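Could you put together the complete structure from these sequences and hints?
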Amino acid sequence: MNFNLVLMITEKCNIQCKHCLFGEQEFMNNSRDMSVESMKSYIDQMADISAQEKGVFTVSFSGGEPILRLPQLLEICKYARARGAQKISSMTNGFWGANEAKAKQTVLALKDAGLDSICVSMDDFHQEYVPFSSVQTVLKLLNEHHIAFDIKCVVTKKTRRLAHVVGDLGDLLLNRTVVVQEIPCYPEGRAAAVIPPEDIIYSEGLPLEPCAAGFMLTILPDGTVYPCCGAGWSSALSLGNANGESIEKLFYKMKRNPILSILREKGPACLAGDLEKAGFVLEKEKFVGTCDLCLAVFTHPAFKEIAPGAAENWKQDRVEKIMSGLL
Amino acid sequence: MATNDDLKKIAQKALEDDGFRAELEKDPVKAAASIGVTLSSEQAESIKLNAANAEEAGSRESKGLFSIVSNITVG
Numbered sequence: 001m002n003f004n005l006v007l008m009i010t011e012k013c014n015i016q017c018k019h020c021l022f023g024e025q026e027f028m029n030n031s032r033d034m035s036v037e038s039m040k041s042y043i044d045q046m047a048d049i050s051a052q053e054k055g056v057f058t059v060s061f062s063g064g065e066p067i068l069r070l071p072q073l074l075e076i077c078k079y080a081r082a083r084g085a086q087k088i089s090s091m092t093n094g095f096w097g098a099n100e101a102k103a104k105q106t107v108l109a110l111k112d113a114g115l116d117s118i119c120v121s122m123d124d125f126h127q128e129y130v131p132f133s134s135v136q137t138v139l140k141l142l143n144e145h146h147i148a149f150d151i152k153c154v155v156t157k158k159t160r161r162l163a164h165v166v167g168d169l170g171d172l173l174l175n176r177t178v179v180v181q182e183i184p185c186y187p188e189g190r191a192a193a194v195i196p197p198e199d200i201i202y203s204e205g206l207p208l209e210p211c212a213a214g215f216m217l218t219i220l221p222d223g224t225v226y227p228c229c230g231a232g233w234s235s236a237l238s239l240g241n242a243n244g245e246s247i248e249k250l251f252y253k254m255k256r257n258p259i260l261s262i263l264r265e266k267g268p269a270c271l272a273g274d275l276e277k278a279g280f281v282l283e284k285e286k287f288v289g290t291c292d293l294c295l296a297v298f299t300h301p302a303f304k305e306i307a308p309g310a311a312e313n314w315k316q317d318r319v320e321k322i323m324s325g326l327l
Numbered sequence: 328m329a330t331n332d333d334l335k336k337i338a339q340k341a342l343e344d345d346g347f348r349a350e351l352e353k354d355p356v357k358a359a360a361s362i363g364v365t366l367s368s369e370q371a372e373s374i375k376l377n378a379a380n381a382e383e384a385g386s387r388e389s390k391g392l393f394s395i396v397s398n399i400t401v402g
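For the protein sequence lines, the chains are U and V, in the order given.
Numbered according to the working numbering, the first sequence spans residues 1 to 327.
Numbered according to the working numbering, the second sequence spans residues 328 to 402.
FYI, nobody ran anything at the bench for these hints, they're computed from the structure.
Model, not experiment: these values are computed from the prediction.
In this text, a Cβ means the ideal position worked out from N, Cα and C, and glycines have one as well.
Careful: at least some of the hints might be erroneous.
Claimed, not checked - A few chain V residues that don't get close to chain U, going by computed Cβ distances all over 12 Å:
id	residue
1	K335
2	V356
3	A360
4	S361
5	I362
6	G363
7	T365
To be verified - Which residues of chain V face chain U? A few of them, derived with a C-beta cut under 10 Å, are:
id	residue
8	A338
9	L342
10	G346
11	S373
What the hints assert, rightly or not - Quick list of in silico lysine-lysine cross-link-like pairs, BS3-like style, CA-CA up to 25 Å:
id	chain 1	residue 1	chain 2	residue 2
12	U	K321	V	K336
13	V	K353	U	K321
14	U	K315	V	K353
15	U	K315	V	K375
16	U	K253	V	K375
17	U	K54	V	K336
18	U	K304	U	K266
19	U	K253	V	K336
20	V	K357	U	K315
21	V	K357	U	K54
22	V	K353	V	K335
23	U	K253	V	K357
24	V	K340	U	K321
Structure below.
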């Protein structure tokens with residue numbers, strides 16, 4: 001089993017993209033950093049859980065812009081590597097590619113610290129603030145120094161699509177295996193206020209996919225823990241706070257919680273169906289994707305009414321399966 | 328070997344206690360012993376196999392999605 005620990009090491013960002021989920025001014029003004037001591041403690045605890053479960057764990061650094069905390073990032077990468085993390089990755093907007101000589105030092109330092117891969121944001125939203133040449137320099141250096149990278153491209157109906165954005169890289173991806181991903185802009189955070197609703201790319205029909213809640217434990221700088229990377233976290237999804245509870249307790253809460261099991265196995269559409277059966281309607285009629293639907297379900301005023309019944313049904317079904325042929 | 332009443336007791340406890348249910352799926356003998364029930368090796372094996380099948384059926388679809396969702400982090 002592979003367990004993914006996602007640490008949001010900073011809420012600070014040097015740019016203010018229109019699509020950002022965390023772009024609300026109030027949030028940006030109060031942006032916090034995660035202490036290195038906390039990061040080490042979370043990694044220690046995840047390493048212990050992983051050993052106990054006979055699995056492996058990976059660590060991903062998120063933000064904000066993680067490279068704004070480069071010294072701390074280098075220190076924690078080395079620590080995670082020493083604690084046996086199977087893969088260590090980080091997000092970045094690529095701003096640090098403006099000066100190639102300095103960028104090379106950064107790439108070498110990251111490699112030396114044990115970073116395996118970087119997910120680079122590359123789309124019209126980011127390129128409004130980060131020159132394309134900076135991102136290109138970062139990717140070129142990652143290529144030269146054999147650090148894997150992914151490209152993440154957020155799109156609306158009005159922005160360039162992934163194929164165009166990646167096309168700008170010319171031969172840079174030639175003979176390279178690179179994960180590129182096009183993500184529809186979610187109408188949350190700053191995007192909710194700035195992006196016209198008619199520009200959002202919605203899914204056709206209700207998103208029916210299950211989600212990965214339970215495969216990743218995501219910790220915010222204030223210690224709040226979520227079971228997913230969250231395209232719009234609801235407090236109803238919060239597992240608790242890592243400053244007051246052990247990661248082990250929160251991890252098993254994530255694994256054993258019937259509602260999260262429903263999300264993993266059937267997706268939020270199942271819970272949306274339960275709401276509908278109980279006579280409630282979702283406030284929105286269309287959704288960008290599973291995360292969008294999940295948020296609508298978990299923030300629905302009647303969710304607390306239907307959740308116990310849904311959990312009970314899931315448990316009943318699960319126990320029947322486990323005891324099948326014996327009773 | 329657990330009787331039918333013992334197995335009902337296990338099922339009831341698994342419905343009421345998420346931790347017990349998880350332990351039952353992982354180590355049926357230990358979980359059953361914690362409520363005073365002794366399982367035969369066949370019964371334990373059957374529970375383990377059923378649990379593995381239930382887990383696999385549940386995670387089959389979500390595994391395909393994981394590689395995609397794991398990249399959707401903010402930043």
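What hints, given by number in increasing order, does this structure fail? Violated: hints 1 and 17.
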